[in-house]
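Since chain A is already given, all that's left is putting chain B on it; use the hints.
For reference, the chains in residue letters:
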Amino acid sequence: MSLLQRWRRRLRALVRKTAVDREMDDEMRFHLDMEAEEAIRAGLAPAEARRRAVLAFGGVQRFREEGREARGVTALDDVAMDLRYAARTLVRSPAFAVVAILTLALGIGANTAIFSVVNAVLLRPLPYDDPESLMSVWDGGHSKAEFTRVRDQNRTLERVAAYMDRVGFSLSGEGEPARLTGAYATADLFGVLGADPALGRTFAPGEDLPGTARVVVLSDALWRERFGADIEIIGRRLDLDGVSHTVIGVMPRDFWFPRRETRLWVPLQLNEGIPGDFWGSYGPFIVGRVRRGVPREQVRDDVRAIGERLRVENPVWTPTDYYLRGLDVIPLASRIVPSGSRRLLLVLLGAVGMVLLIACANVANLLIARGTAREREIAVRATLGAARPRLIRQMVTESLALAAVGALAGLGLAFGGVRLLVRLLPQDTPRLADVSVSGGVLLYTAGLAVVAGLVFGLVPALRLSRPVLAASLGEGGARAGAGIRQRRLAGVLVAGEIALSVVLAVGAGLLLRSFARILAVDPGFHTEQVVTARVSPPKARWASPEQQQTFYRELLERLRGSPAVAAAGITNQAPFEETNEIMAMWVDGYTTDPNELEVMNHRKVTPGFFDAMGIPLLRGRALGVEDRANAPPVALIDEATAQRYWSGKDPVGGRIRYPWPGWVTIVGVVRTVKNNDLTDQATPTVYVPFEQAPLGPSHMTVVARAASSPVGALAAVRAAVRELAPDVPVSDERTMTQRIGDSVAQPRFASLLLSSFGLLALVLGAVGTYGLIAYTTQRRTREIAVRMALGASARDVVGTVVGEGAVLAAGGVTVGLVMALALTRFLRGMLFEVSPTDPLTFVTVPLVLGAVALLASYLPARRATRVDPMIAIRTE
Amino acid sequence: MVHPTSPELQQGALELLILKTLSLGPLHGWGISKRIRQSSRDVLQVNQGSLYPALYRLEDRGWVTAQWGISPEGRRARFYTLSAAGRKQLIRETTAWRLFSGAVNHVLQAT
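Which chain is which? The protein sequence lines are A and B, in order. Quick note: the first sequence uses this note's numbering, first residue 1, plus one each step. Quick note: the second sequence uses this note's numbering, first residue 1, plus one each step.
Warning: the hint list may mix true and false statements.
[Unchecked claim] A few chain A residues that face chain B, going by a derived Cβ cut-off under 7 Å, partial list only: (1) 27; (2) 30; (3) 31; (4) 34; (5) 57; (6) 58; (7) 66; (8) 67; (9) 184; (10) 187.
It should be emphasised that the hints constitute simulated quantities derived from the structure, not laboratory data. For glycine and all other residues, C-beta sits at the position ideal for the given N, C-alpha and C.
Isolated chain A (complex conformation) (with noise of 0.2 Å):
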C-alpha cells in the first residue's frame, strides 16, 4: 500500500472520526456477542456469560484508544492538537502574533511579487511547439542573403525563418488612420513556431519571394479591436502603407512573436534580382529550430562554414575579418527577453530572498525571546512526560501555522504589489502582460512559506526542547543564568540581520547613485516645451522625393502658423526615438578603404530641427532655405564627428561622402546631443538637409517647440495633418521629458525597489535589534537595579547595554560589508559612472546603519535606568 493511500485513510478516519468508532464499537459488539453465546452453550446463564464476556475484553475505552492509535489516526489527531494548540498560544499573545505575521506577510509577500514576475517573464516556456529547440540562428541582423543561404545549406536545422520586428505600418482606409506595430516575416515563420492560425492560414510557401500577391496576417488583438472579430475578415483588402494587403489569417489570442505589441505579419520579400537590398541592407534576424539533439556548440560550426562561404560569394562588398566575429547561436527566449531585463529581475530576486532571510531572523528571535518566558511551561511539559521529538513536533507545527497565515497575508499583499510592478517595470519588457499571481506562483508562495517556517521555527525549537529543568523550575536565582545560550543565539541572528541589511542598502546606495548620475547627463538640447510626433504619410501615395518635400514643407508652414507652435522642424529620426537610422560614410581624408567606412548616425533635417530642439550651431552656418535638392550637397556634423575625424582642425569645408560617388561638403558643426539613452557614448552623427536625402521611408518625426503648453503644440500637429492629410496616422506623440523619462525607466525602477527593500531590511534589522536589547535588558532589569543601588551611575549602565548592541553592530556591518563586496559585481552592468566598490556608498551605508542599532539599543538601555531599584529587587 503506498502511502499517500495510507495516510487517505488515515485522514478519512480523522474526519469522520464518529463514522470509524462506530464501526468499532459494532466490531466489538460482535466479538462479544458470539463470546456470550459459546458460553451460555456452555451451560451458563445468559447474564453471567455477558459478564465473563465483557470481562475477557477488558476495557473498553482502552480498546477504542489502543484502536485508533492502531489506525494511525493518533498522529494526525496531533497535529490537530497541535495547531489548536498554536491557535491558542497566538491567540493569547496577540501583539507577538501581529508582529511575526506582520513581518512574514512583507517578507513571503514581496517574495511572491517578483516571482509573478520572474516566473512570467523569464521561466514560463515561450508559447510555441518545444520552444527549447528554437534558437536565434547567428544572433544579430542579418542581410536576406545571409537568411536564405543558411536556410539552404545548413545541415543542423529542421527549419529556417527570418524575420524583421518593429516594423511600422500605416493602416488606413476605413475609420481612424492608425501606425500599427508590424513584423516582416519569411514564409516560414509559422511553420518555425510550430503556430497554426485561429482562422484562415498562415504563409504559404514562395509567399516571400517578388511578385507574389501581397497578404497579410492579424494578431487576435487588432482582429479583435480594429474589426470586431468579424468572422468574415478573411480575404478582406487592408490599406498598408498605401498599399492593398488581402487577409489571410488570424493567429489565436494566446500567440505572439515576436513581441507582444506586434499587430500584423506581412512577408519579408526575399528579391535576389536588387543585389544591394539582398546583399548589402541588413535588420532581419534568423531564427531556426534545431534538429533533435544537435548540440548549440555544432550549429554554430555549420553556421560559420557557411559564414566562410558567404564572404567570398558576396558580389556587392568584401567582408573583413569582423564578419564573422562573435557568431553565435542563442536560445530564442534570450532573443526574446534581453539581458537586460534578466538581469534586473535575478537582482531583484535575490535581493527580496534576503529581505525575507531578515523577516525569518527577527520572528525567529521573537519565538526564541516568548521561548525563554515559556521555559516554565515546556520544562513542566517535559517532566509531566512530553518527549523531546513531540516537543519539537509541537513548536514546528507552531512556526509553521505562523508561516502560513504569513503567507496568506503575504499572497493578499502580492496581489496589489503585482499590479504595481507591472505598472512601474521599464514598459519595453518583454511579457509584461502575462505577469500575474499564477498557480505555479502560488505553489512557489506555499514553498516558501513551509521553508521559512522551518528556518525561522527548528532554531528556537531545538534549542528551548533542550532539557534545562532544574533551572527553569526552581525559583529565583538560576534564573538570571538562564537563557545565556539563547541570548548568544539571537545575537548571531540580529547580527546576521544587520549584515544583510548591509548588503541591500550598499546595492540601494550604488544604484541610487548612478540614476542620480544618470539624471544629472546634459541631452544636449532643450527637453522642456519641445513635442514630438510621428507622421506616417504612406509610400505609395507619396511616392517621389518631390511629393514627400511638398507633404512635408506644407506641413511645416501649417505649423508656423500656428499660435500653439513656437518652432517646428522635420527629422527622420528625433533623439529618444526607440530606433536609430544609421550609414556608413567614406570620410575624405580619413577612410582609405571601401570596406572599412565609417558608421555614423544620420538625420535628415529641415533648418527649423534644430531651432525648435535648441541644439546651438558651435562653427560654421546652419542649413538654410537654399539648401534645396538641386543646390550643393552640405552638411553639419556635431562635435564628436569633428573630434573622432578632423582631430583638432577645423572641419568645416571638410568632405564626405555615402557608398555612392557625390562629395557633401561640411558647413557647420553642432553641439553632440544624446540620441537613445542618456548614458550613450557619444557617436558621431550627421545631419543632411531633407531636400538632398537620399530617399528612405516616407515616415518622418515632427519636432516642435511649445509657445504655451506642450498639450496645445501637440494638438496643433494633429490638426496640421489632419486639415492636410486626413489619412495620414499621426502616432507615438510625446513630449521630449516623457522620451526622456521612458529611457531612464529601468534604473529608476530598479534604484526604487532596491531602495525599498533596503529600507524595510533596514527597518527590520532595527526592529531586530531594539527588540534583542530590550528583550535582555528587561531580563538583566534586578542586575542592573542591584548595580544602581550600588551606586553605578544611570551612564554606566547605558554604556553597558548599548556597548553590547554596538559589538552586534560591528559585527553585523563587518560581515556585511565584506558579503557586499562580493556581491555588488553583479550590479556591474546596471550602474553608469559608479564603481561596484564606490567608496562613498562602502562608508556611508555602514555609518547609517551603525547609528540606526545604537539608537535601537539606546533606547531600552535609557528605560532600564528609570526603574526604581527596589520596585526591581522586590518583584523579582
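Frame of chain A, contents of chain B only:
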C-alpha cells in the same frame, strides 16, 4: 482471560499468527482468536485487547483488508482477508520466526 500458565503473546508473534490464520481464508476477529486458541491446543490465548489493535495495525500497513459481511450465524461481522502484500509478509516473517526459534532452541539445548 489469559491462562495463568500460557505465555502472553508478543506483538510480532501475534501478528504472525494472525497472518497465518488468515492465509487459510477470510475470518472475523472473534473467529481469529478462536482459531488461534484451537490450533495451539489452548496453549495460546489471545487477549482481545491486543487482537483488534493488531488487526487495525495490519490493515494500516496494507497486509490485510477488511469488509463487513454476514457470519455463518447470520450476524453482521467484519471479515479480514490476507492481501498479496500480507502473503509476502507472512512468508518473510515465518522464515524469520523459524530462524529465531531454531536459534533459541539451540541455545536452550546447549546449556
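Against the structure, the hints come out as follows:
1. For residue 27(A), the shortest C-beta to C-beta distance to chain B is roughly 5 Å, which falls under 7 Å, so the interface hint holds.
2. Among the interface hints, the one on residue 30(A) holds; its C-beta lies about 5 Å from the nearest C-beta in chain B, closer than the 7 Å criterion.
3. Taking 7 Å as the C-beta contact cut-off toward chain B, the hint placing residue 31(A) at the interface holds, the least distance being around 5 Å.
4. Below 7 Å, beta-carbon pairs count as interface contacts, and residue 34(A) has one with chain B at about 4 Å; its hint therefore holds.
5. A hinted interface residue such as residue 57(A) counts as satisfied when its beta carbon comes closer than 7 Å to some beta carbon of chain B; here the least separation is about 5 Å, so the hint holds.
6. Evaluation of the residue 58(A) hint against chain B yields a held restraint, the C-beta minimum of about 4 Å falling below 7 Å.
7. Because the closest C-beta pair between residue 66(A) and chain B is about 4 Å apart, less than 7 Å, the hint holds.
8. The closest approach between the C-beta of residue 67(A) and any C-beta of chain B is roughly 5 Å, which is under the 7 Å cut-off, so the hint is satisfied.
9. With a cut of 7 Å, the hint placing residue 184(A) at the interface with chain B is violated, because the nearest CB-to-CB distance is about 64 Å.
10. Taking 7 Å as the C-beta cut-off, the interface hint given for residue 187(A) is violated, the closest approach to chain B being about 61 Å.
Comparing the model with each numbered hint stated earlier shows that hints 9, 10 do not hold.
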